[in-house]
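Protein sequence lines correspond, in order, to chains X and P. So the mapping is simple: this note's numbering equals the position in the first sequence, first residue as 1, plus 10. So the mapping is simple: this note's numbering equals the position in the second sequence, first residue as 1, plus 11.
It should be emphasised that the hints constitute simulated quantities derived from the structure, not laboratory data. Since the structure is predicted, the reported quantities are computational estimates derived from the model, not experimental observations. No residue lacks a Cβ here, since even glycine has one placed at the ideal position from N, Cα and C. A hint or two may mislead.
[Said to hold, decoys possible] Selected chain X positions facing chain P (Cβ under 10 Å, derived; list incomplete):
| hint | residue |
| --- | --- |
| 1 | R80 |
| 2 | R174 |
| 3 | R277 |
| 4 | R279 |
One letter stands for each residue in the lines below.
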Amino acid sequence: MTHGLPHAATGEHTYEVGHLTRVEGEGSLHLRVVDGHVVEARLGIFEAPRYFEQLVLGRTPDEVIDIVARICGICPIAYQMSAVHAFEALAGVTIDPQVRALRRLFYCGEWIESHALHVYLLHAPDFLGYPSAVELARDQRTVVEQGLALKRTGNRLVALLGARPIHPISVRVGGFSRVPSAAELAAFRPQLVEALWQAQATVELVAGFEAPDFEREPRLVSLRHPDEYPMNEGRIVSSDGLDIAIDRWRDAFAEDQVGWSNALQARTRAGEVYLLGPSARVTLNADRLHPLAAAALDRLGMAEQIRRNPYWSIAARAVELVHATAEAIDIVDAYHRPTQPKVPWQPRAGTTGWATEAPRGLLFHAYELGADGLLTKAQIVPPTSQNQAAIEADLTAFGPSVLALPHPEATLRLEQLIRSYDPCISCATHYLDLTVEHATQDEGGR
Amino acid sequence: ESCLGPVTRTGCGALCPAFGRGCYGCFGPREQANSESLGAGMAWHGRSAAEIRRAFAGMNVNAPAFRRMVAPVAPAEAER
Numbered sequence: 011m012t013h014g015l016p017h018a019a020t021g022e023h024t025y026e027v028g029h030l031t032r033v034e035g036e037g038s039l040h041l042r043v044v045d046g047h048v049v050e051a052r053l054g055i056f057e058a059p060r061y062f063e064q065l066v067l068g069r070t071p072d073e074v075i076d077i078v079a080r081i082c083g084i085c086p087i088a089y090q091m092s093a094v095h096a097f098e099a100l101a102g103v104t105i106d107p108q109v110r111a112l113r114r115l116f117y118c119g120e121w122i123e124s125h126a127l128h129v130y131l132l133h134a135p136d137f138l139g140y141p142s143a144v145e146l147a148r149d150q151r152t153v154v155e156q157g158l159a160l161k162r163t164g165n166r167l168v169a170l171l172g173a174r175p176i177h178p179i180s181v182r183v184g185g186f187s188r189v190p191s192a193a194e195l196a197a198f199r200p201q202l203v204e205a206l207w208q209a210q211a212t213v214e215l216v217a218g219f220e221a222p223d224f225e226r227e228p229r230l231v232s233l234r235h236p237d238e239y240p241m242n243e244g245r246i247v248s249s250d251g252l253d254i255a256i257d258r259w260r261d262a263f264a265e266d267q268v269g270w271s272n273a274l275q276a277r278t279r280a281g282e283v284y285l286l287g288p289s290a291r292v293t294l295n296a297d298r299l300h301p302l303a304a305a306a307l308d309r310l311g312m313a314e315q316i317r318r319n320p321y322w323s324i325a326a327r328a329v330e331l332v333h334a335t336a337e338a339i340d341i342v343d344a345y346h347r348p349t350q351p352k353v354p355w356q357p358r359a360g361t362t363g364w365a366t367e368a369p370r371g372l373l374f375h376a377y378e379l380g381a382d383g384l385l386t387k388a389q390i391v392p393p394t395s396q397n398q399a400a401i402e403a404d405l406t407a408f409g410p411s412v413l414a415l416p417h418p419e420a421t422l423r424l425e426q427l428i429r430s431y432d433p434c435i436s437c438a439t440h441y442l443d444l445t446v447e448h449a450t451q452d453e454g455g456r
Numbered sequence: 012e013s014c015l016g017p018v019t020r021t022g023c024g025a026l027c028p029a030f031g032r033g034c035y036g037c038f039g040p041r042e043q044a045n046s047e048s049l050g051a052g053m054a055w056h057g058r059s060a061a062e063i064r065r066a067f068a069g070m071n072v073n074a075p076a077f078r079r080m081v082a083p084v085a086p087a088e089a090e091r
């Protein structure tokens with residue numbers, strides 16, 4: 011036990027990070043400790059509200075798909091996928107099996123670029139003791155270059171199907187506005203094979219990392235499909251037995267507003283916190299991983315650490331990088347161009363909802379369409395909104411273990427914990443900043 | 012399908028038409044964009060007034076060349 015740090019053991023103290031770094035968007039951390047106990051943990055989200063749920067009203071489904079892509083520069087496909095599947099469910103559209111496969115391939119591209127970004131540029135510096143990927147590149151250039159190469163392949167795959175790497179434009183109700191030829195996909199295959207090697211090297215890299223010893227029993231939620239690793243279809247399941255249809259999110263969960271966040275927080279209807287994302291998916295769907303990804307998870311031997319320790323989300327992302335690259339290759343190999351890129355459809359009035367697996371976890375959309383085929387209501391529930399309360403609960407549980415450390419070191423550890431969830435704050439406000447508050451009990455009592 | 016290509020700033024390589032769909036003007040209006048002429052063309056091709064307004068009311072709706080197609084007369088003037 012470290013001595014000479016009475017400031018943390020007794021009295022009231024606060025730990026604050028005004029602007030969290032290496033997270034997507036603008037947020038803060040505020041932790042208040044009284045006599046060694048965390049009495050308040052807040053993930054403050056101060057990024058301005060973005061009003062997307064209002065911007066889409068009065069629009070056609072295809073216009074909505076173009077608009078919601080703008081919610082995120084890292085995961086635009088996730089927003090397009092949840093929207094397009096919701097609209098197709100309402101209109102009763104059955105898509106071509108090859109179009110279905112292309113949508114999975116599209117999502118593979120997004121998972122690759124998003125996970126490579128987080129593993130190498132945002133998260134790895136914490137494990138390797140660097141303040142940023144730029145500092146890391148000075149000493150370990152090949153590591154950073156490998157991450158950038160993987161990310162580039164993911165972005166190129168998105169551009170191949172969506173015309174550009176960010177805010178792609180090809181997703182339409184019924185399919186795509188354009189589908190690639192088999193030759194175009196075949197020409198991309200060598201890049202995917204190289205990406206698969208890089209993904210496997212990523213698993214080796216993270217296997218050598220050491221994470222803080224912090225374990226808890228989380229409630230994990232993800233989609234689950236009868237025979238595929240979950241992306242666009244399946245049922246919503248949890249580690250404690252929830253199993254509901256993909257459009258019934260609102261039966262089990264609800265959003266609530268808190269004063270310190272411009273993002274709504276979601277909890278279960280019983281008020282419990284839950285966690286989404288790669289660790290939840292790998293834990294709840296290990297038996298659906300691509301054989302190469304399953305082998306990588308086996309070699310790592312870290313399934314239990316991934317489930318219990320949030321820092322090991324980096325291992326889950328590495329395993330999913332293997333999955334996404336390997337599945338992408340399989341899809342390319344089995345592809346033949348569908349006769350038409352999209353099937354005709356007629357708008358129908360009514361309410362609809364759908365969830366898909368964004369890189370950061372389950373993304374639920376609900377819409378209501380009027381008789382004129384225009385949107386009358388929208389609810390968009392991003393993964394980071396849903397993870398906020400679980401992150402705050404974990405900060406409360408993890409906080410005491412770092413209070414013996416000098417204040418700046420403790421603050422850094424808390425910030426690192428937040429980064430391990432890969433929060434996408436812009437999505438959620440569609441903001442992040444850390445303060446830890448210490449005061450004497452006297453002050454605290456006032 | 013409506014296409015804002017003729018009145019939109021170049022630079023994307025005409026991605027949307029190349030991908031079999033109409034341009035939605037995400038690069039904003041080009042210089043001297045003749046939005047009125049394009050709007051008349053859309054109407055001639057059977058687009059309703061509401062559809063034409065929605066086409067111009069995208070993420071660059073506050074650019075004057077697009078805005079005047081959405082709200083040709085300021086609300087305050089309309090009341091006079």
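Hints, one by one, checked against the model:
Nearest Cβ of chain P to the Cβ of X:R80: about 7 Å, under the 10 Å cut. The hint holds. Checking X:R174 against chain P: minimum C-beta separation of about 6 Å stays under 10 Å; hint holds. With a least beta-carbon distance of about 33 Å to chain P, the hint placing X:R277 at the interface is violated under the 10 Å criterion. The interface hint given for X:R279 is violated, since its Cβ lies 36 Å from the closest Cβ of chain P, which is over the 10 Å cut-off.
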